[in-house]
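Heads up: the sequence lines are chains P and L, in that order. Counting along the first sequence from 1, when you hit position 149 you're at 149 in the numbering used here, and nothing is skipped either side. Counting along the second sequence from 1, when you hit position 162 you're at 162 in the numbering used here, and nothing is skipped either side.
Honestly, the hints are just simulated from the structure, not real lab data. Incorrect hints may appear among the rest.
Said to hold, decoys possible - Quick list of in silico lysine to any residue cross-link-like pairs, SDA-like style, CA-CA up to 25 Å:
hint: 1; chain 1: P; residue 1: LYS82; chain 2: L; residue 2: ASP22
hint: 2; chain 1: P; residue 1: LYS206; chain 2: L; residue 2: THR193
hint: 3; chain 1: P; residue 1: LYS38; chain 2: P; residue 2: TYR25
hint: 4; chain 1: L; residue 1: LYS42; chain 2: L; residue 2: ASP55
hint: 5; chain 1: L; residue 1: LYS42; chain 2: P; residue 2: THR142
hint: 6; chain 1: P; residue 1: LYS256; chain 2: L; residue 2: LEU192
hint: 7; chain 1: P; residue 1: LYS256; chain 2: L; residue 2: ALA191
hint: 8; chain 1: L; residue 1: LYS67; chain 2: P; residue 2: GLY89
hint: 9; chain 1: P; residue 1: LYS38; chain 2: P; residue 2: ALA28
hint: 10; chain 1: P; residue 1: LYS82; chain 2: L; residue 2: ALA191
hint: 11; chain 1: P; residue 1: LYS214; chain 2: L; residue 2: LYS110
Each chain is listed here by its residues.
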Amino acid sequence: MAECTIPTLSTLDVVEQKSVLPSGYRAAMGDLKALDLKAPTLELIRRASSRLPQDVIDALVQGRDAEEEGSRAFNTLNDMVKNILLADGHVTPLCQDTGTIIFWVRHPFGLSQRRAKAQIREAVVEATQCVWLRPNCVESLTGKNTGNNMDPFHEGHPVVHFEEWEKPEIEVAIMLKGGGCENVGAQYRLPDVTIGAGRDIGGVRKAIIDAVVKAQGQGCSPGILGVAIGGDRVTSYEKSKEVILRKLGTPNPDPKLDQFEKDITNDLNTLGIGPMGYGGKTTVLGVLVEEMFRHPASFFVSISYMCWSSRRRVMTIGAGGHVSFD
Amino acid sequence: MAQTCLTTPISESDVRHLKVGDEVLLNGKLVLSRDMGHKYMKENHPEWLKPILKDMVIYHCGPVVRKNEDGSWTFVAAGPTTSIREEPYEADVLDTYQVRGVIGKGGMGKKTSDGLVKTGAVYFHATGGAGSLLAERVKRVVDVHMLEEFGSPEAFWVIEVEDFPVVVTMDSHGGSLHEVVLAQSQERARALTS
Chain P
1 MAECTIPTLS TLDVVEQKSV LPSGYRAAMG DLKALDLKAP TLELIRRASS RLPQDVIDAL
61 VQGRDAEEEG SRAFNTLNDM VKNILLADGH VTPLCQDTGT IIFWVRHPFG LSQRRAKAQI
121 REAVVEATQC VWLRPNCVES LTGKNTGNNM DPFHEGHPVV HFEEWEKPEI EVAIMLKGGG
181 CENVGAQYRL PDVTIGAGRD IGGVRKAIID AVVKAQGQGC SPGILGVAIG GDRVTSYEKS
241 KEVILRKLGT PNPDPKLDQF EKDITNDLNT LGIGPMGYGG KTTVLGVLVE EMFRHPASFF
301 VSISYMCWSS RRRVMTIGAG GHVSFD
Chain L
1 MAQTCLTTPI SESDVRHLKV GDEVLLNGKL VLSRDMGHKY MKENHPEWLK PILKDMVIYH
61 CGPVVRKNED GSWTFVAAGP TTSIREEPYE ADVLDTYQVR GVIGKGGMGK KTSDGLVKTG
121 AVYFHATGGA GSLLAERVKR VVDVHMLEEF GSPEAFWVIE VEDFPVVVTM DSHGGSLHEV
181 VLAQSQERAR ALTS
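Turn these sequences into a full structure, and let the hints steer you where they fit.
Have a look at this one:
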């Protein structure tokens, strides 16, 4: 009888006790010029690095329970669950590869993006000192590590996307995207005769299957796929990452794509690649798709592969300054 | 499938007995090396690494480490990194330094497989992403080399582990679980898309 681990993360109370934010903390939302995002962002990073979202845990447990008990696939998925509990309990990184650090900030009118970016960068430096992040930013040609996750040339890393919106609150989403899974992402230009993929949903399906077969276990399967249909090369890849922020199990707003996501997930799980490529029924935890515009001549399908340790969190700072995390 | 305990240094005959699918608990010292270390070994042939690596196991890992107040180090997260990036170097490294095993994830290619057969070594697979779980099996950081030059994720860390869980997915007889799973999944993909 294999030892099963019940996937319960520490209660929210415990998480709050370990927070870097003082009890009753309120951000200065009344005066956006005086607002400092550093402390809330540090807390966001701490949670993202050490606590996996519940929907991902549920999907891993569901995958484990679909495998034959005692099989390598079952035991591997069970080890993943154990790892989640350990990292949460110790407040240490789930994975030593704390990834490329990507933020999406949505904010009301009046916030200085230049100042906000500087504050977010300070939080990343401090999180690296706290060993919640590995120093993961090096010069491309020499490999020299800057040691603090700051881009040695410009301000490209951490990656920060900004968007102004109508709402009075600020939302900051974070994704820590490991290098192993980033390396198995792929972009297809349809039609693609090498895989027999035409310019339609059937062609999109073939591209996805091809990418997953090529990835095998190298992206730390079972993975979560973000798929963008359309766009130009850059916006397409960018969107394929952003869609991974959507919770597993939430429906695609487009009913046709929702059905497609369910069907392709089932198909991919018949490939037999399994957790870590050991073989098994759990090759992907989910597929998240979004349709974009495209130039009439272009038809890109961009696929971002997220490892099973899908570290993402969303922080909301309400109009009254209250900070909450999801 | 057999579960074996092995302690480094490992003899060639012990390694030759291992087969694809064997589950192994490793004990003793491991030497961490990844992209920069492998390039350096192939291009510079550092002699000083020979006694450190002989009959030892290389671990493809870029750890998260904490420096303690007394100057010692603690591994905080230490799962495997993707091994295929070392494909251009690994067979030469195995041969030059007489290494008996490599731990990583995702498996490696034909060149490394041939190298495992020639040198008498195996590829051990560890669970990717299990950074906390595997760091718990690291009992002590023994030494570190090239930390200044390479940075902490790329340095040659020498660690002592206890019951470090791995699976043989490529053996010294040419067997590879990765080849089998790849072929089966390609066949299934053809059926799905035809």
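| task | Enumerate the violated hints, using their earlier numbering and listing them in ascending order. | result | 10
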